[in-house]
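Engineer: Okay, here's what each chain looks like letter by letter:
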Amino acid sequence: MATSSATYPAEGTPIPERREPLIPNGVLGMLIFIFTEVMFFSGLISAHAIVKSQAAGQMWPPYGQPRLPVEETALNSLALLVSGVVLVLAWFAFKREKSAARIPLFMAMLLGIAFVGLQGVEWAALLADGLTIQSSTYGAFFYLIVGTHGLHAVGALLGLAWAFRRLDHDVLTSAQLATVSAFWYFVVLVWPVLYWTVYL
Amino acid sequence: MARALTLLGVAVVALAVFPEGVAACPVCFDSSDENRMAFIATTAFLSLLPLGMVAGAGLWLRKKTKERGDDPFDPNRPEP
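Going down the list, the protein sequences come from chains A and B.
FYI, in the working numbering the residues of the first sequence are 1 to 200.
FYI, in the working numbering the residues of the second sequence are 1 to 80.
In case anyone wonders, no lab produced these hints; they're calculated from the structure.
Misleading hints may appear alongside valid ones.
Stated by the list, open to error - Computed list of chain A residues with no C-beta within reach of chain B, every gap over 12 angstroms:
| id | residue |
| --- | --- |
| 1 | K52 |
| 2 | Q54 |
| 3 | G120 |
| 4 | R166 |
As the list claims (entries may be wrong) - Straight-line Cα separation of at most 35 angstroms, DSBU-like style, residue types lysine-lysine; simulated pairs:
| id | chain 1 | residue 1 | chain 2 | residue 2 |
| --- | --- | --- | --- | --- |
| 5 | B | K63 | A | K98 |
| 6 | B | K66 | A | K52 |
| 7 | A | K52 | B | K63 |
| 8 | A | K95 | B | K66 |
| 9 | A | K52 | B | K64 |
It should be emphasised that the depicted structure is a prediction, and the values quoted were computed from it without experimental measurement.
Even for Gly, the Cβ is constructed at its ideal location relative to N, Cα and C.
So here's chain B without its partners, still in its complex pose (with noise of 0.2 angstroms):
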């Protein structure tokens, strides 16, 4: 067990000193702004959009349960 850590900890602290190892992406170094920029806002776009949804329908969940008049994080909650 011991081992297997210390192989993946060897093999993170690896990968982030010598990043180009890893560097799979076929775009990601490219020599092209237009073509890195769009890999970038992609990236970006892919990353904070299922967040966003996921909060956007949590506050509304939220809203409604407000407005239901049972919000369990109301202090002045009656006790069930």
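Isolated chain A (complex conformation) (with noise of 0.2 angstroms):
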């Protein structure tokens, strides 16, 4: 079998140590992702900024389309919020004892499909009232970005869900937990441009 001599290290060469990586490469993975995502988010915030100011009479919301609610939704958006900062606790009891982080976490994912499920019944609400995605450029943005968003929170609180299950099953690692923490971070911290984007 054909060697190359710079392979292998030399006669009696200690073999160096492998590092740590500087960050587990499940996270770095998820942080391109992440950036991915970013930018996705920021171009229909900008195709919305552009709809927004070619309306007519500069109305927006347009006239004859139905109001958002947004009491209702800032309540719900605190939900979310607060779910963030939960997974944060989830983080801490996770370093101190693996099981400590049960609750915690259960209790995010708990706020997460609360959210979600808020959603849901605001949509239905929207829909009885007429806003549909082909009523305007108003309701055809408001399904897209919010949409898009309820998707990636779908999206996070499966991946929640399996790190939950390998939670109890003892074999869940601080990386995989980070990654999947770093995904719903993400959902949480961009959430509130959203809202202050369509919302308001």
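Using the hints, put the two standalone chains together into the complex.
Structural biologist: Spelled out as structure tokens, the structure:
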């Protein structure tokens, strides 16, 4: 078998120790993914800003379109923000003792599920009021931006559920928890920007 | 090759001298101030955001590297 002298260390030379990566591979991959997602949402926000500035008579929401439930969604947003804080607590609990993260992780998931569920209720009410994706650019942007965020929230919740299951089986690593948490933090932190853009 | 480069040069000069010819963007030359401002602001936002994110990530990694004590740019770093 042909071997290259460059491949193996010279005889007697100690093999260098493998260093720990600066950040776990999963977290790095998730961060790169989040970068692309930030750009995706920025594109949507920018398109919304341009279309809004072109609205007839600078009237936004356009005449005859239902108004969005600003106060109810603010309360719902609070649930999402609290879930982010609870997930931070879950992280510190995990660092202290793995099993201590079960309750905060579960609470963060519950709050996230409540957010998605209440968004669904809000959508049903808006559809009943006549705001559809085809009724106006206002409706189109609302469902596109909020719907995309909702899909991300569902994806992140699935990630948290996966982490919870692994935690339950005592096989969850801190890198795995950090990876799914990073995505949830993204979902939590991008929401106030979307709320301000779409609702206010 | 030289002909292609000449053509490319002519095209670049033409586009620089007559920029209206490439005004395909429907909002860039709108008469509404608000629309123009929105266009400029979003262009700046979308241009600077990725640069800011990459720079931020680079600085964060640099900080973590320094904390670990193996900053490749440190002049006092021992030879590996």
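Engineer: When the hints from earlier in the document are held up against this structure, which numbers fail?
Structural biologist: Failing hints, ascending: 1, 2, 6, 7 and 9.
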